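Given the coordinates of chain L, work out where chain F should sit on it, guided by the hints.
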Amino acid sequence: MTLILFIEQVLNGLQFGIMLFLMAAGLTLVFGVMGLINLAHGSLYMVGAFAAAAVAGWTGSFVLGLAAALAAAAAAGALVELLVIRRLYDRDHLDQVLATFALILIFSEGTRYLFGSFPLYLDIPDALTGPVTLPGGIQYPAYRLAIIAIGLTIAAGLFWLISRTRLGIRIRAGEADREMIAALGVDISKLYTIVFALGAALAGLAGALVGAIQAVQVGMGEPVLILAFVVIVIGGIGSIKGALIGSLLVGLTETLGSIAMPALFRLFMDNSAAQATGSAIASMLIYVLMALVLVWRPQGLFGARV
Amino acid sequence: MTLKTLLAASALAAMGSLATADGHMTDVKVGMITTLSGGGAGLGIDVRDGFMLAAKMAGNNHLKIVVEDDQRKPDIAVQLADKMIQSEKVDILTGIIWSNLAMAVVPSATAQDKIYLSPNAGPSALAGKGCHANYFNVAWQNDNLHEAAGGYANSAGFKNTFILAPNYPAGQDALTGYKRMYEGELAGEIFTKLGQKDYASEIAQIRASGADSVFFFLPGGMGISFLKQYADSGLDLPVVGPAFSFDQGILQAVGDAAMGVKNTSQWNKDIDNEANKAFVDAFQAEYGRLPSLYASQGYDTANLLLSAMNAADINDKPAFLAALKAAEFDSVRGDFAFDANNHPIQDIYVREVIKEGDVYTNKIIGTALSDHSNVYVEECQM
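Respectively, the protein sequence lines represent chains L and F.
The numbering of the first sequence is our numbering, which starts it at 382 and goes up by one.
The numbering of the second sequence is our numbering, which starts it at 3 and goes up by one.
Incorrect hints may have been included.
SDA-like, lysine to any residue: derived pairs with alpha carbons at most 20 Å apart [said to hold, decoys possible]:
id	chain 1	residue 1	chain 2	residue 2
1	F	Lys195	L	Ala644
2	F	Lys195	L	Ile662
3	F	Lys181	L	Ala657
4	F	Lys116	F	Lys279
5	F	Lys58	F	Leu323
6	F	Lys195	L	Asp504
7	F	Lys181	L	Asp651
8	F	Lys58	F	Pro76
9	F	Lys181	L	Asn652
10	F	Lys31	F	Val80
11	F	Lys131	F	Ile347
12	F	Lys357	L	Asp504
13	F	Lys116	F	Lys181
14	F	Lys195	L	Asn652
15	F	Lys279	F	Tyr289
16	F	Lys75	L	Glu490
17	F	Lys195	L	Glu490
18	F	Lys75	L	Pro604
19	F	Lys161	F	Gly212
Heads up, incomplete: computed chain L residues facing chain F, CB under 8 Å, no partners named [to be verified]:
id	residue
20	Thr440
21	Ile550
22	Gly600
23	Ser660
Source of the hints: derived by calculation from the structure; they are not laboratory data.
All values derive from a computational prediction rather than experimental measurement.
C-beta: ideal position from N, C-alpha, C; glycine also.
Next comes chain L alone, as it looks inside the complex (with noise of 0.2 Å):
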């Protein structure tokens, strides 16, 4: 492996990251405040994804299709929240896995009705298509460079909400105690439903994004909420640092094994075997890394509560 493949997937290990850390962000608030599972965390991605490449057809504009996809997932979540989720705070989790699972399949059937089974176009905006020469002669794609700058940002911008807002004061209060702060006056219905918005718009922005360089159809947002759950367990459910910390280690850990795996196998096999044995093993790697994390610290990287 040279030199600038390997920063080259370093760069791509951090945007996954970063992307996973936007899913993951919202899940774990939701989880952590609200104690829910929310399987249907997927298909707000798909929502944004669709909000996006709708608007952005209909107006041929990125921007306006980004703020398309934060407005629209904001408000599914919201009305989500209000219909369904509301009712299930006092279920148990069997309750919970089972009514967002059936918006799984609400929403995809919806999305299907309303948009079709083909996938939909979203292109790049013109201003970040192509690669960029980065220093040492490595070049990047311009939009990748893009999402990892909005999700730190993004990350950034959490941190200081959390932490220095009246509102993160309120969402940490909820997370340790609710009764307390209920008690206190504070209308707890309505911070769950902003805090419930907050992460299905960071989930739309996500799908959003990935929405212009992959493919935006029916279902995209299954296979990375299952990634976005295994962050969330690594990181510690409930902390925003522990999802950006856990996202980047399986962004990175993804990226890098998929070529270091088949590479190693190689040594000792021949290319095909050691292709198909290296892909198998580099697709465990992120679920090993969970088990490893779970034996050394069962309640995450930086989870509070065992």
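For chain F alone, kept in the frame of chain L given last:
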């Protein structure tokens, strides 16, 4: 007796004999298991729509069809097949898109004496040692289009190709097929994950490998992601692949990134024959979109079945299988015949992605392989 009455009488007699022939025809019940939801639903929907269109155009009311969605999950496909065989009592199964699902369903269905007509998946395992008299593939053996791509690569002068495909039966067949025909060196060979969306890592490896061309087989949404990311990476090596990443259903989502790419297919909408013209026109009139190669395969599958129904009774199994094998139907591909292992012998073309008005589509620019069969025929002992 005037000439007129003579004519009328013979016409009546002809109708009478038709009616008796029709009366003898038994209902044939077809169970279609295909992917109608989730990622890859576009493929199943096209196969279904093509199949239904042929059934509708034939107007044969002895053909009964039940359609179910396998969600691209092998376990669900197996459950559906069991249900269709045991409680729906279907005579024939068809519809499966994905080779891993076909491997889960086909061997047990044919062992239970059901006929299986594949409108898409053609894994090598079912063409060679695992072939069966009840199994017909109307599309292609999986290797075929990739072999054609390898043949094209030679004629285009590629010397150092980087090849990649997902790690599942059809992906392995794809790389095997390409390597069988391709004579140059390999710059690299990668198996990706099935359903993978991000190819940054693979593209970085292609860049580092010093390849002069790229061959890839990434059907459905995987191909869209790869092509968009490839176009954005600044790599401009020529790309070749089978038609699956350039079919009518996904080209619009790929956009300009696909323009000019050469791909190999056994069908295109501009193949010049009556059956194909009728199909393309009827499909557009019925569904309001251009047909894809998957739709053409569904359409041919239904027409093959209808031709066998006209020639033999489903209850006379040997005669019905012989009628299927004879393949006496007007394929939209032109010449079509089954080889000894019930897989097609057909021409495979090279197509180029073009833009007609606002719509991205393909046009044929040459023939890659003529009357091409598959290499597994000799392993097949029926």
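_Need the list of violated hint numbers for this structure, in ascending order._
Of the numbered hints given earlier, those the structure breaks are 4, 5, 6, 8, 13, 17, 20, 21, listed in rising order.
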